[in-house]
Amino acid sequence: MDNSSAPLNGTWASRWVFILAATGSAVGLGNIWKFPYIAGEYGGGAFVLLYLLIIALVGVPVMVAEVMMGRRGGMSPVNSMKKLAGQAEVTSRWKALGYLGATAGFLILTFYSVIAGWALYYIVAMPTVLVGADTEQVAAVFDGLLASPMTMLLCHSVFMLLTVVVVLQGIYRGLQRAVQVLMPALFVMLLVLLGYAATSGGFNEALAFMFTVDFSKLSSEAVLVAMGHSFFTLSLGLGAIMAYGAYMPKEVSGKDGRRRPVSIGSTVLTIAFLDTLVALVAGLCIFPVVFANGLEPGAGPGLLFQTLPLAFAQMPAGIWFGGLFFVLVLFAAWSSSISLLEPLVAWLVEAGWSRPRAAIVLGLAAWLIGIGSVLSFNLWSDKTLFGETVFGTLDFLTTNIMLPLGGLLIAIFAGWVMKDSHARKELNMASFKVYLGWRVAVRIIAPLAILAVFAHGIGLI
Numbered sequence: 182m183d184n185s186s187a188p189l190n191g192t193w194a195s196r197w198v199f200i201l202a203a204t205g206s207a208v209g210l211g212n213i214w215k216f217p218y219i220a221g222e223y224g225g226g227a228f229v230l231l232y233l234l235i236i237a238l239v240g241v242p243v244m245v246a247e248v249m250m251g252r253r254g255g256m257s258p259v260n261s262m263k264k265l266a267g268q269a270e271v272t273s274r275w276k277a278l279g280y281l282g283a284t285a286g287f288l289i290l291t292f293y294s295v296i297a298g299w300a301l302y303y304i305v306a307m308p309t310v311l312v313g314a315d316t317e318q319v320a321a322v323f324d325g326l327l328a329s330p331m332t333m334l335l336c337h338s339v340f341m342l343l344t345v346v347v348v349l350q351g352i353y354r355g356l357q358r359a360v361q362v363l364m365p366a367l368f369v370m371l372l373v374l375l376g377y378a379a380t381s382g383g384f385n386e387a388l389a390f391m392f393t394v395d396f397s398k399l400s401s402e403a404v405l406v407a408m409g410h411s412f413f414t415l416s417l418g419l420g421a422i423m424a425y426g427a428y429m430p431k432e433v434s435g436k437d438g439r440r441r442p443v444s445i446g447s448t449v450l451t452i453a454f455l456d457t458l459v460a461l462v463a464g465l466c467i468f469p470v471v472f473a474n475g476l477e478p479g480a481g482p483g484l485l486f487q488t489l490p491l492a493f494a495q496m497p498a499g500i501w502f503g504g505l506f507f508v509l510v511l512f513a514a515w516s517s518s519i520s521l522l523e524p525l526v527a528w529l530v531e532a533g534w535s536r537p538r539a540a541i542v543l544g545l546a547a548w549l550i551g552i553g554s555v556l557s558f559n560l561w562s563d564k565t566l567f568g569e570t571v572f573g574t575l576d577f578l579t580t581n582i583m584l585p586l587g588g589l590l591i592a593i594f595a596g597w598v599m600k601d602s603h604a605r606k607e608l609n610m611a612s613f614k615v616y617l618g619w620r621v622a623v624r625i626i627a628p629l630a631i632l633a634v635f636a637h638g639i640g641l642i
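Every number in the working numbering is 181 more than the matching position in the sequence shown, counting from 1.
Certain hints may be false.
[To be verified] The following label-pair restraints were derived from C-beta to C-beta distances:
no., residue 1, residue 2, range
1, Glu569, Glu386, 35 to 45 Å
2, Leu629, Gly191, 35 to 45 Å
3, Gly640, Thr316, 17 to 27 Å
4, Glu531, Val369, 54 to 64 Å
Derived by calculation from the structure, the hints in this document are not laboratory data. Every residue, glycine too, gets a C-beta built ideally from N, C-alpha and C.
Turn these sequences into a full structure, and let the hints guide you.
Shown next as structure tokens:
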């Protein structure tokens, strides 16, 4: 066994802990907030089918590549890329890919924390100020939140504190314990909300909306949106999956006590399945409530913080299930946020910092930058950077430029730069045909798809 890639920051206790951690990184606001509303905007069932196809052809191959590179490197994304470049006998400048991913994740955390803070606010607001609220009252609550920098700052601060507290405790006492609690709790809450949605009166309509396939409703833009979201939802190109892959064990003990290799391919398929399942179940939790109240399924970003609170406020016991829904949103965001902070923390730890110091300093920096996003919705709403507010600029830079660029470079390195013998050894796929299929996908299909997403994101197509 090759000990040269033994992780410096620790190892997940088991394959399933890694699956929970990586699924926690992937499952976030994108699943519970973004997927339902873009499915609503682009026709429901046909979009879901297209999305699943793209996950299989683009998302999974790139995720396999990123996990493989992380496990073989065994360090933070920056140092893993430096090590992998040395093994491939190419320039060490490839470590810039590690910096790109880790920085993208950090920048996303700065505004992700602000949006997650809204979920914190609504956990309290649902059983209090939103009881029996009508359309105007729900809109007033949301507008009031955005207009109050102090309220948003408080929520942003609490969420960032929750993130830092987990990360500073390390792999075993922090990240591992957190995902072992957060992810099972998230699945239980989803099932409870699904049961509630099934009794809301709009469940059959939601099933038809999500799973009736009508390709006439698809457009070229829908294809590009599906590709972009498949990439975003699996946390690819952020450094998070590479960092988590570094903590993935190469072997685990079976029930008979024998050591067996951990398959990256089957593990990633499980993660992609769980991530997609959460998105689909979230849709089945949301759309019945929407349809039962005669609301618009393609309501855009306001679906989560305006349409749904209105629906819950009008339903029997809805305020309590609404509160539970926002706890679910909080847990999903929390499991993702710790993975956004971890890559840079791991890099500083490898540079000689203590983990608590690294987590606190980076958390404080993310909190400070996040204040710009807080103020983007009120005091600085008229101040722009490159034609956008601070929030809009950070969102555009990371989502439309840094993520696809990072994913493209991961695909290129894994498919074209990394030695074939190294990739085959690390992946250890049972079938050579499956390996060849992955190699074609990561060398050709994924880069072309990512380039299309990149061009769409910057307005070229």
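How the hints compare with the structure:
At roughly 37 Å, the beta-carbon separation of glutamate 569 and glutamate 386 lies within the given 35 to 45 Å, and the hint holds. Roughly 37 Å separates the CB atoms of leucine 629 and glycine 191, a value that falls within the hinted 35 to 45 Å. Taking 17 to 27 Å as the suggested C-beta distance range, the pair glycine 640 and threonine 316 does not conform, at roughly 34 Å. A hinted range of 54 to 64 Å is violated for the C-beta pair glutamate 531 and valine 369, which are about 36 Å apart.
Hint compliance for this structure: hints 3, 4 are not met, and every other hint is.
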